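Novice: For reference, the chains in residue letters:
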Amino acid sequence: MSIDIPTICLTNIGPLITLSIAGLLLLLFDAFSGKAIKKAHFHQFSLVAVGIALLQTAWLWNRQTTDFSRMLYIDNFSFFFYVIFLLGTGISIILSVHYLENYQKNYGEYYSLMIFAAVGMMLMAAGGNLVIIFLGVEILSIPIYILSGLFREDLKSNEAALKYLLLGAFSSAFLLFGIAMLYGGTNTFYLADLAAFIKKNGMNGFTYVGMGLLIVGFGFKVSMAPFHMWTPDVYEGAPTSITAFMSVGTKAAAFAAFLRVFFEVFPSVRMEWDLLLWVAAVATMTVGNITALAQTNIKRMLAYSSIAHAGYIMVGLIAGNQLGATGILYYLLAYTLMNLGAFGVVIAVARKKDSYLNIYDYSGLAYQYPGLAAIMSVFLFSLVGMPPTAGFIGKFYIFSAAVQAGYIWLVIFAVINSLISVYYYLRITVIMYMKPAEAELGPVATTPVVNATLIISALAVLLLGIFPGAIFTLAMNSVKIFGS
Amino acid sequence: MNFPILSILILLPMVGVALIMMLNRENQWVIKGTAMAVALLEFAVSLPLWFWFNSNTAEMQFVERYSWVPSYGISYYVGIDGISLLLVLLTTFITPICVLACWEDVQDRVKEFMICLLFLQTGMIGVFVSLDLFLFYVFWEVMLIPMYLLIGVWGNPARRIYAAVKFFIYTMVGSLLMLVAILVLYFYNAKVTGEYTFDLLKMYGLNIPFAMQFWMFLAFGLAFAIKVPMFPVHTWLPDAHTEAPTVGSVILAAVLLKMGTYGFIRFNMPLFPEAAWYFVPLFSILAVIGIIYGALVSLVQVDLKRLVAFSSVSHLGFVMLGLFSYTMAGVQGGIIQMINHGLSTGALFLIVGMIYERRHTRMIADFGGISKVMPVFAAIFMIVTLSSIGLPGLNGFVGEFLILLGAFKANKVYAIFAATGVIFAAAYMLWMFQRVMFGVVTNEKNKNLKDLSLREVAVLLPVLLFIVWIGVYPNTFLDKTKASTANFVAYMEKAKATKVAAADVIMKGDLR
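Going down the list, the sequences are from chains B and W. Taking the working numbering, the leading residue of the first sequence gets 7, the next gets one more, and so forth. Taking the working numbering, the leading residue of the second sequence gets 779, the next gets one more, and so forth.
So that you can see chain W by itself, here it is in the shape it has in the complex (with noise of 0.2 angstroms):
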């Protein structure tokens, strides 16, 4: 295959940003137009992967690669495997909803919006389908600004500016020591196979020592772990979500968060394999505290955006507890799991969005009845928080029922703890739904609020039927992860058994 998609997906937006920057910031709908359109392009450039992607090979598709920093062992390498594909399509699906979702919302320096919002698309593709760890870190970074501005410039007026600031100092903290830990691994590399390279396909053979493997994997970790985000350094995340504007908080919980989850099954795992089973309790137990803890504060949250923010923490616990299980359900869960959330919480997001614009207001006891006067509004959030929840037949179920039962096979307890977040997840969405849409109209100001545009509905509708599809369906997609996670499982299986020598050295103090 010569067409390279790959290039065009990462090179499309910045075309646009290109375009919109020569463009009279006058002319808003023009500006908007243009931005759909790209984003609309750029989803269609996207589904050949879809359609040419082959589901029974574990190797990496779409390759392309030339050299960037030839003296220095950098590439340009991109290519996708089960485990991308999915990202990089609920990329593209995402962005033009959030186009069209920011359509009316957005009035303000429409212009420098629109070029963030492609601008991040770039970035954001670029971590998914980078081979190269170089290349990984600069598309990492990149995306830091553009999701900076977004949240700092269009964010809630009061305390916008203390979280974007908050967002960027806590990833810079990881991305900082990760970019420690890509340098000794290249040199460590070029000093065991002589050559200077930055391929990461090339390191995952690589035969590191147990006790450089320890503090890579937590020099990566972390920076993934952040970005996740996990149990201790998630508390950049409910600031960040509740100040961005809606489309950043959509894309930040469809997205960005999938880039932590991605870069633990993608890095951290497969190139420090032995330190990944040593590490399997610490980051169980995180994960299991983080979807109780999320959960437990959701409940007692009073701001709707803060309450959605919370459930992430607790479902992208889920997605960890499933991948550091290492099993074919789990990490297939996980993987499925993070389409799942993206598309659940990213609705979720529109929806408070939605009802924000009208009401300006986001906290739970300022509304109540909401079903009464706004119908079509409450049958789509139904079905969304039912999805959040994880009802049979939605999404959720899927992703949470593979993870349990992956989690279930490594070690009981942390799925027994694990389950009981299921539950409690139903009981905070429920009573959040009951208490926004149930009851009488108290507030009279919620008396006379529209229903639902054409234009909102048509936000949401794709959302839902892809929340129906992987409810109802779930293979279509999985097929499509099958091999690269057999692959996964299968590497990390051959890697358990020296894992047990290793902890020896441990006991033995050897670990300096």
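Okay, chain B solo, but in the shape it has when bound (with noise of 0.2 angstroms):
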């Protein structure tokens, strides 16, 4: 019996490298650095990290290759996600640093969990075999267990916590049997394998087993009704950097996972699984959205159009189409610009303990704040899908990928979807400009560096809006592994 030694180029996971080093790193500066190492520098070494990862992942591009026998795929489709996760992180942590020192919580550990979150998110996305992809929830879920908890003192935390790791712990469950019984169907994890054996044996009654548990595993993690009821309590409760982190991260990494797996393993059985996720995407959006009409908390009411937005994200899905891939892949992308920029909004307005979170502490923001409420309407009009912005381009396309493949009816159902949500969003526009200010509305503090991310956010959401071609191309190419 010989042994193959299989060759492996750790440049193909330089990015996961980087990190995990980095996470491990922060967690021993964090133990043993006493006051050498002042706490303000662990999150500049954090987004050192962040962007040696970028750099090393630009070098990925255009490489359609797997490795580790198999296991990750070095693809344009993991290169796109890395690069949404990578910014992801960025933004975040640029976002968490006043607001921990706030609550003087500015731990090292906490940059070091995210950092391996976002090692996890990367693993969804490149996983070529569902073992993989299970590890990266892992790694991403259990980071995010803690970092939800992250203020003991805090009982709302608390229960985000707790209510995140049992449900979490639950869909884990849900997905870990799927996979098994897909194995027992097919006697591989490989996802290329797995495809070939449904293609050439169809499918049997394992495997649809399997494939209704997946839907439910990465259902949770998307918050897909009717498996979306930890995420309001859950975002509400966290830190509001972890839930923005968490709210454009594991919703984007979840989405890699279920688009890589369904399109490449259950293309052929598509009739069946599409009507199941039609009426799973009526019911989160509608859901999401009406629910989210009813909040006065801004945490909430944006925990609640997160749902509704990934509710739009599974037309391009169900659509399942290139351009629906496309279309998601550029959504994703705009929602974490976007979104991360109205939580970020939401942190400086917050100020000290997350004393104003009611929306109608916003009234009167624009006057006294003129730039802070022009930028977070930008966001807001964003979510929307107004144009000229991203989040209008990323609706438009996944619509459009929905009406080609003849789901007219559930493009209808979404954009009566989006009306609904017109609604909510504008209304802080209205408290905004049109309330007067109820009470002084107090200095609001930002710093510089919080203030250049968040106009670059909105700069960048305006100008993925007006000139959407270049990243579509780049989306494009990213799914041209799906064939079809």
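It is worth saying that the hints were derived from the structure and are not from the lab. Each hint should be verified, as a subset may be incorrect.
As the list claims (entries may be wrong) - Keeping only pairs whose Cα atoms sit at most 20 angstroms apart, straight-line, the calculated SDA-like set for lysine to any residue is: (1) B:K205 with B:N193; (2) W:K944 with B:I422; (3) W:K969 with B:K205; (4) B:K441 with W:K969.
Just so we're clear, the structure is a prediction, and the values are computed from it rather than from any experiment.
Assembly of the complex is requested from the two constituent chains, each provided in isolation within its own frame, with the hints serving as guidance.
Specialist: Now the structure itself:
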């Protein structure tokens, strides 16, 4: 018996290695630094790590290959998601610093956990094997369980952590059981082999059950109705910076895996899962939007709106064509920018210990801080899907994919839902611009770095909305792997 | 012609926005001056459109085309023909007037106000010149935001938020369904011709099955009907008009409502001609209901601004009736009536605004005998009122006469009912005028009102000029629209033949 030592190329997982080492180093620094390294440097260190990872990612462009015995795909699809994750992580880190200092929780492990979570996301996007994808899910989830409970003294934070842990474990179990079923039915964990098997032999009982369980598992992570119940409580209770990170990062990662698995493994049985997802998507949008209407806590409102956005993205998944996949990628990028931006403003306005989270705390913001209000409006209009913002183009791509695939009713439901969302997003602009300040707003302190980040995000949202061509082509190239 | 006039018209206000953003908000005069300069320059730039426009062809002119998102077939494609020419000019003409009109009216947050106004202008011009469905949709939506802010921020404090949100949501209802229809059309076009494009002109020749036309016409039609606004979906208009600041009402009346009627003639009818014929009865009846209903409701209004707002419903009913007659006279009348309504109703809102500035009330009952105190104001108000009624020699008559002529040719019943609207118009306008301007001054506060200032006269005088010009010699304007209208009517006639066959399909119940 000879043992094959697979040839591996470490540069293929360069970003992952960098981030993992950075995460470990941060933990060590935190433990042993004493006064030598000031806590203020942790976030700078993590930003540098994210920057290096981004550079290494750039190097991965256009390399269609697999590595680590086909465990990982090194392709443009992973590339695109790496960029989204790193962008999301970077912006979240920037938004965290001031926020954590207010709570005196500017710990090293916070950044370390965030970076580990990013590694998990990347594994989910790049996994070529169900086990790797599961590993990614866990590496992503465990840090987030901890981070949600960062504010130990706060009951809500505790509730969030526990709730997320319990339901997250639940969803992991579904995912794992689904993977087991698929293995039982096909004798393989590899996506490519699974696809080949199903193409050749068709579906059998095991694979059907496995597929259903996978939908449930991923559904939890993307907060698809009826598995969305955890979202509002966790989003509300978790530290706002983590909510921001979670709302874009986890969702993008889960959609990456969802997309990869379903487009690669189950395209031939699309008819069997699309009706299921059709109902789920409409339910997700509707539940998210209708419930968001009634919220007065802005974090909760954005939590429900994020459920609705998951619904829109699922429309692209159901369309099941290349355009749909392209649209999802574009939308997730846009969503990362606009949602993080909106949360950035929320963090700024909430100030010390989240004392201003009610939507009416925004009244008169436009009088005292016209810049901040204008930026928030850009993000909100983008979340609504108004041109000329990235949110509009994202929706446009996704909806057009569904129309192309013939799902006209689904699109009509989706646009009606967009309409509902107009009301609650618009309400924030109404409060900011048209209601007089009920009380003196007081100083809203932001650091120049945060300001710059928010301005750049807002500009990016506009720019992506006005010149969508380049990113669209990039996204298009990224989903070429899905054939059809 | 290589000079990109249309692009300059679209971009110039944005340059103005950028300039104003950099100005110090304390310097209100500088801000207003800049806005005025930009608006005047914009008007000056738009003038060559009039002079260089070739009236003998129905082709698109001043066309510019650049690829925007090539992989999607989206291009920046603009051009105008006889239908849009006048509307573009109306937009550039009304904006400087608006800036001048709000010179003293708006004191609060002037900077943002001017930014909104100029931003709005970009959107409006964009809507009228876009020949790419995607581009059109973008402008159509973009223009919502500044208008929403104009109503919501500078409106009447009591109900402005309600009005602004209502305006926004009503418009979104229609436009989102239109987006779906645009996408369906896009993919249908790609399926038939194999070319992925949003090019409007290429889609004109598309032979769409009737069942599809039916739904698409309704989807586009809802968006435009809300904007017009046609009878059952008009309820946002009185609120928006009443609560908006004077300038907001003027732009809303003069330009924004025209987007609906323009949408019908540019998109709905030529894209889905068979459905357009099929829906003639429905839309004509709605238009006639709008004419009579708007007039009757105007009759009982106690608020001047609300009265003018409801009269818009009536006037726009005439426009729709004219367009749906598919006759030369009717369509030309419809186009000229769009301009007329922009001028006279715009002027009416300005006038109401001026008296509101003085008295801070718009209730008809609070006035009376004003003509004695403000003779110049009275004279101008009279002319505008008569123009709105449709007195021969003023612009309103030309439009309404042509429309009724066309409608009579198409269907006598509609025309007869619509003609009663003219009588009602005389009733509500003259009665209003009488109550406000004539009689003795009963209210103490009205005794010492100042007559119009030079600035206010300067605001109204250009409008009066065109009110008389169109009334006396409409051919100057009708000539520009002739070729395009003839082309449109011929196109619709051609589609009529197939419509009969399509109607049979409906009878047999083949329609899903």
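Novice: If you test the structure against every hint from before, which numbers come out violated?
Specialist: 3, 4
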